[in-house]
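These protein sequences, in sequence, are chains A and B.
Sequential numbering from 1 applies to the first sequence in the numbering used here.
Sequential numbering from 1 applies to the second sequence in the numbering used here.
Don't read these hints as lab results, they were simulated from the structure.
The C-beta atom is built at its ideal place from N, Cα and C for all residues, glycine as well.
Which residues of chain B face chain A? A partial, calculated answer using Cβ under 8 Å:
1. R24
2. A27
3. P32
4. L33
5. S171
6. N181
7. R185
8. V188
9. L289
As a list, the in silico SDA-like pairs of lysine to any residue whose alpha-carbon atoms are at most 25 Å apart:
10. A:K68 / B:T170
11. A:K179 / B:E165
12. B:K370 / B:R331
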Amino acid sequence: MSERLASAFAKGRPALVCFLTAGDGDTAANLDALVAGGADVIELGMPFTDPMADGGTIQNANIRSLAKGTRTADIMGMAAQFRARHSDVPLVLMGYANPMVRRGPEWFAGQCVKAGVDGVICVDIPPEEDDALGPALRSRGVAPIRLATPTTDGRRLPRVLEGSGGFLYYVSVAGITGKQQAAQASIKDAVARLKAATDLPVAVGFGVRTPEQAGAIARVADGVVVGSALVELVAEHGEDAPEHLRALTASLAQAVHAARKD
Amino acid sequence: MRDIPNSFRAQPDENGHFGAYGGRYVAETLMPLVLDLEREYRAAQADPAFREQFDDLLEHYVGRPSPLYFAERLTEALGGAQVWFKRDELNHTGAHKINNCIGQILLAIRMGKTRIIAETGAGQHGVATATVCARFGLPCTIYMGATDVVRQQPNVFRMKLLGAEVVPVTSGAATLKDAMNEGMRDWVANVHDTFYIIGTAAGPHPYPEMVRDFQSIIGQEAREQMQARVGRLPDLLVACIGGGSNALGLFHPFLDDPDVKMLGVEAAGHGLDGSEHAASLLGGSPGVLHGNRTYLLQDEDGQITEGHSISAGLDYPGIGPEHAWLKDSGRVEYTAVTDDEALEAFQLLCRTEGIIPALEPSHAIAAVQKRAKDMPTDSIILANLCGRGDKDIFTVAEKLGVEI
Chain A
1 MSERLASAFA KGRPALVCFL TAGDGDTAAN LDALVAGGAD VIELGMPFTD
51 PMADGGTIQN ANIRSLAKGT RTADIMGMAA QFRARHSDVP LVLMGYANPM
101 VRRGPEWFAG QCVKAGVDGV ICVDIPPEED DALGPALRSR GVAPIRLATP
151 TTDGRRLPRV LEGSGGFLYY VSVAGITGKQ QAAQASIKDA VARLKAATDL
201 PVAVGFGVRT PEQAGAIARV ADGVVVGSAL VELVAEHGED APEHLRALTA
251 SLAQAVHAAR KD
Chain B
1 MRDIPNSFRA QPDENGHFGA YGGRYVAETL MPLVLDLERE YRAAQADPAF
51 REQFDDLLEH YVGRPSPLYF AERLTEALGG AQVWFKRDEL NHTGAHKINN
101 CIGQILLAIR MGKTRIIAET GAGQHGVATA TVCARFGLPC TIYMGATDVV
151 RQQPNVFRMK LLGAEVVPVT SGAATLKDAM NEGMRDWVAN VHDTFYIIGT
201 AAGPHPYPEM VRDFQSIIGQ EAREQMQARV GRLPDLLVAC IGGGSNALGL
251 FHPFLDDPDV KMLGVEAAGH GLDGSEHAAS LLGGSPGVLH GNRTYLLQDE
301 DGQITEGHSI SAGLDYPGIG PEHAWLKDSG RVEYTAVTDD EALEAFQLLC
351 RTEGIIPALE PSHAIAAVQK RAKDMPTDSI ILANLCGRGD KDIFTVAEKL
401 GVEI
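Bound-form chain A, shown alone (with noise of 0.2 Å):
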């Protein structure tokens, strides 16, 4: 499953991955906006009533999904009908650790391999353990994605490398997903020391919202991730959060696709 996602950040260029929010808002109608704008890589997030790393933004979004009687069965679901309507587009699903382990990691990986979706993101689940959900994944072709942090030091680094696949996200400022940005100059030192441990690509975010920030981040990664600035469109627009969601994603994949390498 996972050369979907191998195939994204192959194409000679550098990759658009957008997030939002399931069940916040119509979210088939959103996330085709996203593939129409341009998205290389889906990132779905389950939510969550603890969401510990998300700031306003996400948080208020995971609230008003949950609200609305979110289900993990619907999540699933809505990944399953994007699987159909779009055979080619990588799909990860990111989350934390709760909702993902309540039936076991076998059962939710098993999910995983139902609804096509590629790869996992858990937020609270680190390389120390692993053995909740890691071993599951892999032995079904998910791909357990990573984050390394300015904190993951290079000690570290292979702990963190060591059983993950898909892609590396690196989460560019110690923090919480929203506003903060981080300098563009720590971006550049921290994907060249990630890259030197590791062939997987590597997806810089946290704090992308403009396409000036993600043009510059494309110019020194292998992606860009997007989340927080497309979730305020669902939340300000509602059933017309589609041609927003379009309209901002075509504009950062532009400014993503055309950047040169320094």
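We have chain A; now place chain B onto it with these hints.
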């Protein structure tokens, strides 16, 4: 048949697991810090100067050892086992929470951290944290659910007097769990200079072990005091459980004494039949939250459900992972008492002993009330009176329909 371990006091393993529970379920940003903290804690444990400073502060600042008290009139009223109390409500700041705060702030200073954050429910941990921060001159931010800010006004004011910034948290049900989420968010954004003083024996390893160790002073003293006073160990230990730090503090030094039974008392709120309770062990199931695997109140999709208790300090949908392990191993028995039972026990202790307990240990007293009458008069129950009730008089007055 259950496997009986050689010792119940040898947990956790090197990865912070208490059997299937515990661990380090945190975001990658926090992992290096959590590993650092563990290294620093091991170094502190091996450093006699650290223990010396901890003991000195407990004696001269906190006022330890806390008394061991025979509750003669309560015993008479219940008509069964002798009831004894470990008087941790007489500590400076009025609860057991300060024991742990002293230990953690000494560690924070050792690690060169210059800013302290904490979460609080009833406000006791917030007050204890603000107190040690004032004592050591470190700035301090306390996250507190907006609901709790309203129901615990006296403690909010105390924290402010002590120089802390109190941040009301409005997400979720605006109680302890949400305050903890906000604490984690602050921590992840300020790892370079900030130490998170977690208030209970929960969170990522090494917190559950560390908090238990700092609180074990309660049981260590009680053990010596019992031997000195009556020449034997108690038959039954009783303590209330929110996250479970006062209970572990009392229980842990006795875990390998097979004749000492133990009873942990959760908050049954409006009753275990409905969803309005905070009994994670009796009414929950294993899952992952706030850095550890433990029993949680959750739905079938793993979404965390809101607990309820009259006591803000017990109103938390999780529990320390060591309790999860102790429950499964059968070493400790767990029960729950309702808001109404706790309120009745609160009043009983006021009138029989002249002690106004906090609503948290009022749950333990209610359980003692149920057990004592069926036990012989020469048997001994030792309950932890882990906090005083001054902070709760407004809540109690409201429940009793009294205007003050």
